[in-house]
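Visitor: Protein chains in written order, with numbering that gives the first Met the number 0: chain P, 0 to 196; chain B, 0 to 104.
The set of hints was computed from the structure by calculation and includes no laboratory data.
One or more of the hints may lead you astray.
To be verified - Per the computed footprint, the stretches of chain B lying under chain P, defined by three or more beta-carbons under 8 Å from a beta-carbon of chain P, are:
1. 17-27
2. 38-45
3. 64-70
Stated by the list, open to error - Residues from chain P that keep clear of chain B, each with C-beta distances beyond 12 Å, as calculated:
4. Ser-29
5. Asp-33
6. Glu-152
7. Ala-159
8. Leu-194
What the hints assert, rightly or not - Pair by pair, the computed Cβ-Cβ distance ranges are:
9. P:Asp-160 x B:Asp-78: 34 to 40 Å
10. P:Arg-15 x B:Ile-90: 35 to 41 Å
11. B:Asn-95 x P:Thr-130: 32 to 38 Å
12. P:Arg-15 x B:Ser-38: 17 to 23 Å
13. B:Ala-92 x P:Asp-160: 27 to 33 Å
14. P:Arg-140 x B:Lys-32: 30 to 36 Å
All residues carry an ideal CB built from backbone N, CA and C; glycine is no exception.
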Amino acid sequence: MNKTAFINDLSDKLDRLNETDRKEYLEFFSELIDDKIEEDGVNETSAVENMQSADRIADAIIREIPVEPENVAYIEAHSVIDCTNRYRMDDGKYYFTIKLPDDVSLKDVIIEITKDYRGTRELCTNLFYLTDGDNAEFAIRLENAYGGFNYYEMTTDKFADTGMGIRLYLRYKDKYYMATDISNKSEVKGNGYWLGA
Amino acid sequence: MDAQLKRGLIDICVLAAIRDEDSYGYRIIKTVKPYIEVSESTLYPVLRRLEEAQMLSVRSVEHNGRLRKYYHINQAGIDRLNAFSEEWKEITAIYNFVTKEARNE
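Chain P extracted, bound-state conformation (with noise of 0.2 Å):
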């Protein structure tokens, strides 16, 4: 791959950021390629190939980047994005049953965390970074897959002593829903009731 092959792949990637920030790190990958080749000696394919995939700098981009529901109304849809389950075990372990149409990345859902049950935010974050880094005291795995859906099993014990609340915000076929604590598709601006448990 020689290096506008690889800038348009990652600048495709990038996709979700605005125009500014995602001109500003083309420019920096673009320098660094350039800087490989000069300082180097490697041709052009060379100091691509040398570099971390589009996707991982992407990923690792994205997720440094905060993340905010947009000042949208979201839906409440439970034929779309819905917490099927949500309990507390007697040992403080939380878990949450998560489900989604089955053509969604976890890359595409954001969730809100609160670390009591007074709705004092701890995190928002798309649900697939929640388990990287900081946020590892998280888990989340596929539990099961039917009907057009996957079913993501959410589990942590960080917050054993407070409770805990969750909601969850999916732009999906240029719509946006929310899973929240309302009944089935009420509309709510911005925000709605915690998914508590």
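Using the hints, position chain B against chain P.
Guide: Only chain B this time, still in chain P's reference frame:
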């Protein structure tokens, strides 16, 4: 290494890499790599974070017919390095205490 600890140490290493003279992305990676693992994808978010914290500033310089960004440490960055040196004395004392306890077990 703990992710949070490593994140903080990378910030410190990047500041140390530009303490004596301004530097650019690829050279910073090469300077820091013998001491701590830092990838291309790790570096730029770190540089942006340090710039937002006003610990460094950026300027573009023409180089061989293209623009190259140079990073310059600011006073806040120097202060952070100095604070780190002080913090490290405390951490070293704790390390000595912990390893001494381990040896005595």
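Visitor: Given that the region 38-45 of chain B was listed as covered by chain P, double-check it with a C-beta distance under 8 Å for 3 or more residues.
Guide: Contact hint for the region 38-45 of chain B vs chain P: holds, 6 residues under 8 Å.
Visitor: Determine whether the Cβ-Cβ distance between Arg-140 (chain P) and Lys-32 (chain B) falls within the hinted range of 30 to 36 Å.
Guide: holds (35 Å)
Visitor: How does the region 64-70 of chain B fare against chain P when you require at least three residues with a CB closer than 8 Å, holds or violated?
Guide: holds (count 4)
Visitor: With respect to the beta-carbon atoms only, verify the hint that Asn-95 (chain B) and Thr-130 (chain P) lie 32 to 38 Å apart.
Guide: holds (35 Å)
Visitor: Classify the label on Ala-159 (chain P) as holds or violated, using whether its beta-carbon is more than 12 Å from each beta-carbon of chain B.
Guide: Holds: least Cβ distance 20 Å, greater than 12 Å.
Visitor: At the C-beta level, are Arg-15 (chain P) and Ser-38 (chain B) separated by a distance inside 17 to 23 Å?
Guide: holds (21 Å)
Visitor: Far enough from chain B: is every CB of that chain over 12 Å from the CB of Asp-33 (chain P)?
Guide: Given a closest Cβ separation of 6 Å, the condition is violated.
Visitor: State, for the Cβ atoms of Arg-15 (chain P) and Ile-90 (chain B), whether the hinted interval 35 to 41 Å holds or is violated.
Guide: Because 38 Å falls inside the window, the suggested range holds.
Visitor: Is the Cβ of Glu-152 (chain P) more than 12 Å away from each Cβ in chain B?
Guide: holds (23 Å)
Visitor: Verify the CB-CB distance for Ala-92 (chain B) and Asp-160 (chain P) against the hinted window 27 to 33 Å.
Guide: holds (32 Å)
Visitor: Note whether the CB distance of Asp-160 (chain P) and Asp-78 (chain B) lies within 34 to 40 Å or breaks it.
Guide: holds (38 Å)
Visitor: When you look at the beta carbon of Leu-194 (chain P), is every beta carbon of chain B farther off than 12 Å?
Guide: holds (27 Å)
When held up to the earlier numbered hints, the structure conflicts with 4, 5 and fits the remainder.
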